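Novice: The lines below spell out each chain.
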Amino acid sequence: MVASVHSSGRGRAVGSTLANVPGSPLLSVRNVTVRFGGIVALNGVSFDIAEGTIVGLIGPNGAGKTTLFNCLSRLYQPTEGDIKFQGRSILNAPSHAIAGIGMGRTFQNVALFDRMSVLDNVKVGCHSVSGAGFVRSALGIGTRAEEARIEARARELIAFMDLLPFQSMPAGPLPFPIRKRVELARALASGPQLLLLDEPAAGLNHSEVDTLKGQIKRVRDLQNVTVLLVEHHMSLVMSVSDKVVAIDFGKKLAEGTPAEVQRNPDVVRAYLGTEAHT
Amino acid sequence: MSTPLQKTAIAAAQAVNDLMRKGAVAVEPAPAAPAATPAMDVATDAPAMRKRSRVLIPALLVLAAGSLVLFGGKGGLISDFQYLQLSLILVYAIAVLGLNMLTGFNGQISLGHGAFFALGAYTAAVMIEHYNLNYLATLPAAAVFCFIAGYLFGLPALRLEGHYLALATFALATAVPQILKYKHIEGLTGGVQGINLIKPEAPFKLALSSDQWMYLVVLAMAALMFWLARNLLDSRPGRAIMAIRDQPLAALTMGINTAHYKATTFGISALFVGIAGALHAIIFEYVSPDSYAFSLSVAILVGAVVGGIASLPGALIGGAFVQVIDKYADAATKQLTAMVHLPIDLEPWTIYGILLITLVYVMPSGVAGGLAQLKAKWKRR
Ligand SMILES: Nc1ncnc2c1ncn2[C@@H]1O[C@H](COP(=O)(O)OP(=O)(O)OP(=O)(O)O)[C@@H](O)[C@H]1O
Ligand SMILES: [Mg+2]
Chain A
1 MVASVHSSGR GRAVGSTLAN VPGSPLLSVR NVTVRFGGIV ALNGVSFDIA EGTIVGLIGP
61 NGAGKTTLFN CLSRLYQPTE GDIKFQGRSI LNAPSHAIAG IGMGRTFQNV ALFDRMSVLD
121 NVKVGCHSVS GAGFVRSALG IGTRAEEARI EARARELIAF MDLLPFQSMP AGPLPFPIRK
181 RVELARALAS GPQLLLLDEP AAGLNHSEVD TLKGQIKRVR DLQNVTVLLV EHHMSLVMSV
241 SDKVVAIDFG KKLAEGTPAE VQRNPDVVRA YLGTEAHT
Chain B
279 MSTPLQKTAI AAAQAVNDLM RKGAVAVEPA PAAPAATPAM DVATDAPAMR KRSRVLIPAL
339 LVLAAGSLVL FGGKGGLISD FQYLQLSLIL VYAIAVLGLN MLTGFNGQIS LGHGAFFALG
399 AYTAAVMIEH YNLNYLATLP AAAVFCFIAG YLFGLPALRL EGHYLALATF ALATAVPQIL
459 KYKHIEGLTG GVQGINLIKP EAPFKLALSS DQWMYLVVLA MAALMFWLAR NLLDSRPGRA
519 IMAIRDQPLA ALTMGINTAH YKATTFGISA LFVGIAGALH AIIFEYVSPD SYAFSLSVAI
579 LVGAVVGGIA SLPGALIGGA FVQVIDKYAD AATKQLTAMV HLPIDLEPWT IYGILLITLV
639 YVMPSGVAGG LAQLKAKWKR R
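Keeping their order, the protein sequence lines are chains A and B. Numbering-wise (the numbering used here), the first sequence opens with residue 1 and increments by one. Numbering-wise (the numbering used here), the second sequence opens with residue 279 and increments by one.
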């Protein structure tokens, strides 16, 4: 959809010169275990994500889906196991380096910069693919071109997410479904290779879910973004995903095509008695 | 030891904390209707305000320089004393601006910025007194020292949030006057006595008094500092600074090295305040440990709250508040007591407290915010 905002030697260009090992998955989660004191939030979970696919991650409440996301964002450190992105372990990278290597995410409860405008929120999403520092910015020297690219990229995403009427409004007081779109635009701003979406459909009505479905597909098709989608909204996951991974109590129950996973007896059992949205 | 001043300080810290928190509840689903509370309405208006300050600053400059031509000159309408007052307002405005960068835009509270003001002031005084440096040359030195000091203080402060950070900075503010009195550096600092300076004369045989000349110097510095602040806040690092204030975890996942940014913002904030301190020493011709007591830190914080947290023009209002209050609160309280024949003796700073409480209630987003709201109401009619 658009050229990278990137100008200086920082950011994505560095990552992409270290090209992906051919044939290896974009993301590979190996035996990841996370313990919080006595709670085992994730228990030896493994799966792969191939480039250009949409993978759904499902599981009842408390299954460990968000915990896995936080491991990928390097907000949590796994007790055991490894996570490889483009064939390289990320477990030594600081959390602020994750955006730069090509992973973007949204949050289950929407974490926007509330007092900043929608436009500025999306611009912050360009942080990892731009490089203007304090001194140059304060003096206003040599930052204009990059600032213009950031501006253009942000406006493009705002248009893509139908946010034009809101762009100069503060993000905080906006209605929930709009805030979710702002967050998605912000996550796309850096042009991530892997996009992690934590329950993007929660709180949306029927037609909004349909729009979202179209947007996720377009993001994959037009920008070649690989997507890992956590969702309770079954019809959404099952219709957009190339592959579905199901977990419960931190353990992987099943992995396969949407049809296979839906038929899996363990998955059916896990969802019986819990509120399975269809 | 709990003086009324400390109580004020703690109340102010609380108020700032609350103000900052109001914008930072992203984890809660937002209300359905986009009905902002008045306080938020203004706090978020920062970009618009910054646009306005693009006009405001040059306009003020021209006005100020013009006033000098019209009313200045030896024996002009504005006395030297009044020029000094104007300079002090601008100096405090720079300090308030510096604190605002940290507290208003980055969400880190400080009750100790008087310490950086003192460091800047002493840097200037010591360099002029002992090294015979030109007073203008001391400004970059004060900037560098204060940036380093602020950055170093900001690093461990990264682990502290809200009230704990307030406490740590409070300790800093109370320690500095004691350090300045320390026996073994008396040769440099002049101990309790402090250092007396001589006010610089206007160069090039200009027909200006020292106070008029220094007013121009301070005005130019204030314009420079506001310009730098506005540029910075309007840029990639500026957005990162505000993102950290609103949602530190999300900022991290956007690729912002939050630790580095917070410490650097602390340094920049100290740099601004340090320059204010250096200018203060030069125009006041005097530094002493007790000029930089804890009350100064409180005054700067109160100035930031009164002018408007996270508002650039508000810093100017805040600077004026600090100066005017510093000068007249005591006298005004006495006058008030006499006027209404109060049967009790009011504490000297009572009017300060009354004013502060009134302002915080009437204009919760500071004077700049309050004015913006009034203007918005006016337009809607
Ligand atoms: N920081 C933490 N400290 C302690 N326990 C935690 C922490 N984060 C998650 N947990 C626990 O780990 C388990 C998995 O939580 P997680 O949030 O990953 O579930 P989830 O699959 O995202 O659920 P939901 O569908 O409700 O969002 C839960 O039992 C939760 O209480
Ligand atoms: Mg979750």
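Just to be clear, a hint being listed does not mean it is correct.
[Stated by the list, open to error] Partial chain B-side listing against chain A, Cβ under 10 Å, derived:
| no. | residue |
| --- | --- |
| 1 | PHE431 |
| 2 | ASP512 |
| 3 | PRO515 |
| 4 | MET520 |
| 5 | ASP524 |
| 6 | THR536 |
| 7 | GLN613 |
If you're looking for bench data, these hints aren't it; they were derived computationally from the structure. Computed from a predicted structure; not experimentally measured. Glycine included, each C-beta is placed from N, C-alpha and C at the ideal position.
Novice: Next step is simple, just say for each hint if it's right about the structure.
Specialist: Now the hints, each set against the structure:
1. PHE431: Constraint on PHE431(B) not satisfied, violated at 17 Å.
2. ASP512: 8 Å, holds
3. PRO515: 5 Å, holds
4. MET520: 6 Å, holds
5. ASP524: 4 Å, holds
6. THR536: With a closest approach of 7 Å, the THR536(B) hint holds.
7. GLN613: 40 Å, violated
Violation of the numbered hints given earlier is confined to hints 1 and 7; the remaining hints are satisfied by the structure.
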